[in-house]
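Trainee: Spelled out from the first residue to the last, the chains are:
Protein chains: 2
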Amino acid sequence: MKIGILGTGAVGKSLGTKLASLGHEVKMGSREAGNAAGAAWAKNAGGKASEGTFADAADFGEMVFIALRGDVVLPVLKALAKSVGAKKVKGKIFVDVSNPLDVSKPLPFPALPELTNTNSLGEEVQKALPDSLVVKALNTVNCEVMVNPSLVNGDSDLFICGNDAGAKRKVVDVLRSFGWTDPIDLGDITNARGTESLMPIWMRLWGYFKTPHFNFKMVK
Amino acid sequence: MKIGILGTGAVGKSLGTKLASLGHEVKMGSREAGNAAGAAWAKNAGGKASEGTFADAADFGEMVFIALRGDVVLPVLKALAKSVGAKKVKGKIFVDVSNPLDVSKPLPFPALPELTNTNSLGEEVQKALPDSLVVKALNTVNCEVMVNPSLVNGDSDLFICGNDAGAKRKVVDVLRSFGWTDPIDLGDITNARGTESLMPIWMRLWGYFKTPHFNFKMVK
Numbered sequence: 001m002k003i004g005i006l007g008t009g010a011v012g013k014s015l016g017t018k019l020a021s022l023g024h025e026v027k028m029g030s031r032e033a034g035n036a037a038g039a040a041w042a043k044n045a046g047g048k049a050s051e052g053t054f055a056d057a058a059d060f061g062e063m064v065f066i067a068l069r070g071d072v073v074l075p076v077l078k079a080l081a082k083s084v085g086a087k088k089v090k091g092k093i094f095v096d097v098s099n100p101l102d103v104s105k106p107l108p109f110p111a112l113p114e115l116t117n118t119n120s121l122g123e124e125v126q127k128a129l130p131d132s133l134v135v136k137a138l139n140t141v142n143c144e145v146m147v148n149p150s151l152v153n154g155d156s157d158l159f160i161c162g163n164d165a166g167a168k169r170k171v172v173d174v175l176r177s178f179g180w181t182d183p184i185d186l187g188d189i190t191n192a193r194g195t196e197s198l199m200p201i202w203m204r205l206w207g208y209f210k211t212p213h214f215n216f217k218m219v220k
Numbered sequence: 001m002k003i004g005i006l007g008t009g010a011v012g013k014s015l016g017t018k019l020a021s022l023g024h025e026v027k028m029g030s031r032e033a034g035n036a037a038g039a040a041w042a043k044n045a046g047g048k049a050s051e052g053t054f055a056d057a058a059d060f061g062e063m064v065f066i067a068l069r070g071d072v073v074l075p076v077l078k079a080l081a082k083s084v085g086a087k088k089v090k091g092k093i094f095v096d097v098s099n100p101l102d103v104s105k106p107l108p109f110p111a112l113p114e115l116t117n118t119n120s121l122g123e124e125v126q127k128a129l130p131d132s133l134v135v136k137a138l139n140t141v142n143c144e145v146m147v148n149p150s151l152v153n154g155d156s157d158l159f160i161c162g163n164d165a166g167a168k169r170k171v172v173d174v175l176r177s178f179g180w181t182d183p184i185d186l187g188d189i190t191n192a193r194g195t196e197s198l199m200p201i202w203m204r205l206w207g208y209f210k211t212p213h214f215n216f217k218m219v220k
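Top to bottom, those sequences are chains A and B.
Numbering-wise (our numbering), the first sequence opens with residue 1 and increments by one.
Numbering-wise (our numbering), the second sequence opens with residue 1 and increments by one.
What the hints contain is simulated information worked out from the structure, not anything from laboratory work.
None of the values given here were measured: they were computed from a predicted structure.
Among the clues, some could well be false.
Which copy is meant is left open, so a pair is good if it fits within one copy or across any two.
[Stated by the list, open to error] With a straight-line cut-off of 25 angstroms between C-alpha atoms, the simulated DMTMM-like cross-links for lysine to aspartate or glutamate are:
1. K210 <-> D182
2. K105 <-> D188
3. K105 <-> D185
4. K220 <-> D185
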């Protein structure tokens with residue numbers, strides 16, 4: 001599959017490298033084509049990996065991962081929708097793996113107030129791309145665990161939500177290819193309020209466990 | 001031990017009945033002494049169970065459980081601190097099992113905005129009772145699971161936080177007597193921001209599992 005990745009940070013690189021290793025054609029997008037991190041990644045990730053602008057990556061991918069810092073997600077997507085054009089992103093799957101954290105504050109980061117409790121970043125992403133199919137996934141685990149669930153001991157759980165069942169099925173196929181069992185499907189995109197709300201305890205558990213390689217498992 | 005319970009709802013009754021069955025002297029407090037729910041509970045729970053006002057229960061207990069609806073916790077505690085007197089609650093352990101939910105809204109309830117993200121109910125409880133030892137615990141599980149961890153299949157995790165290590169140890173002893181293994185101690189009371197933030201996903205998982213008898217287990 002052709003896959004776009006928005007963001008050249010640790011999350012984008014982790015996802016991009018894994019997806020390229022699975023045989024996908026991956027284009028990593030950043031603010032400027034030729035960005036050092038994106039170019040270095042494309043060189044290392046091999047023949048089917050490439051880089052360009054956010055718009056290039058969004059145009060390229062049949063599925064596009066949003067792997068950006070929470071505070072820049074919405075400005076980037078709004079600019080993107082304009083520059084790529086609404087037609088080209090219509091019906092396209094955007095997988096939002098980001099969290100609405102205010103990283104200008106000390107750890108544990110609080111949420112950006114307008115994107116928590118009675119709202120979520122996932123919902124605002126869907127509003128910014130109203131004709132695209134937004135799926136919230138993978139935002140509750142560290143980026144190394146995202147693509148390698150065996151970094152935590154024993155089965156653990158992912159959560160997924162989004163308005164389109166078909167888009168969620170396609171994302172679940174990708175998660176399975178990473179080694180995950182089927183995630184818990186919470187329903188429509190408003191349920192991003194639930195999964196993004198795991199961040200406050202996630203960050204505290206990161207301090208407690210002294211490693212980001214942990215996850216939640218639901219038992220009943 | 002002499003234990004006070006603030007609240008005669010499902011949570012207060014579940015905790016009170018278990019604590020009485022373990023041999024503790026339990027006094028359940030409500031807005032008015034002789035409250036029907038409190039009186040019926042005290043009659044059923046046996047010889048060492050009694051009821052009275054919030055102030056009676058807080059005065060009685062060496063350890064006092066706050067089992068009230070999130071929106072009434074702070075008004076009740078502020079009135080209590082005045083009526084019982086600061087001296088009598090000084091050094092007393094208050095176990096806050098409540099969550100700052102806005103139950104006037106439809107399910108899944110949002111948080112009361114002033115008590116989430118950069119604040120928490122646990123912290124405000126500590127401010128309302130500045131000379132008492134507030135421990136946040138048990139607020140991440142259903143009230144039947146609180147006193148019977150075997151209702152979920154296999155070991156699962158509780159979280160605890162509070163400013164006083166000795167108070168936390170005494171609460172852990174009570175949790176052990178309910179059948180829990182040692183909870184994850186996240187540190188001081190500001191970590192209530194983490195544990196209270198499990199509510200948005202907890203309520204959605206309640207819908208998903210179609211039972212409140214589930215819990216989180218941490219794996220690493």
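Trainee: Work down the list of hints and note, for each, if the structure agrees.
Mentor: Evaluation of the provided hints:
1. K210 <-> D182: Classified as between: cross-chain Cα gap 18 angstroms, same-chain 28 angstroms, threshold 25 angstroms.
2. K105 <-> D188: Close across copies (19 angstroms), not inside one copy (30 angstroms); limit 25 angstroms.
3. K105 <-> D185: between (32 angstroms within a copy, 23 angstroms between copies)
4. K220 <-> D185: both (16 angstroms within a copy, 22 angstroms between copies)
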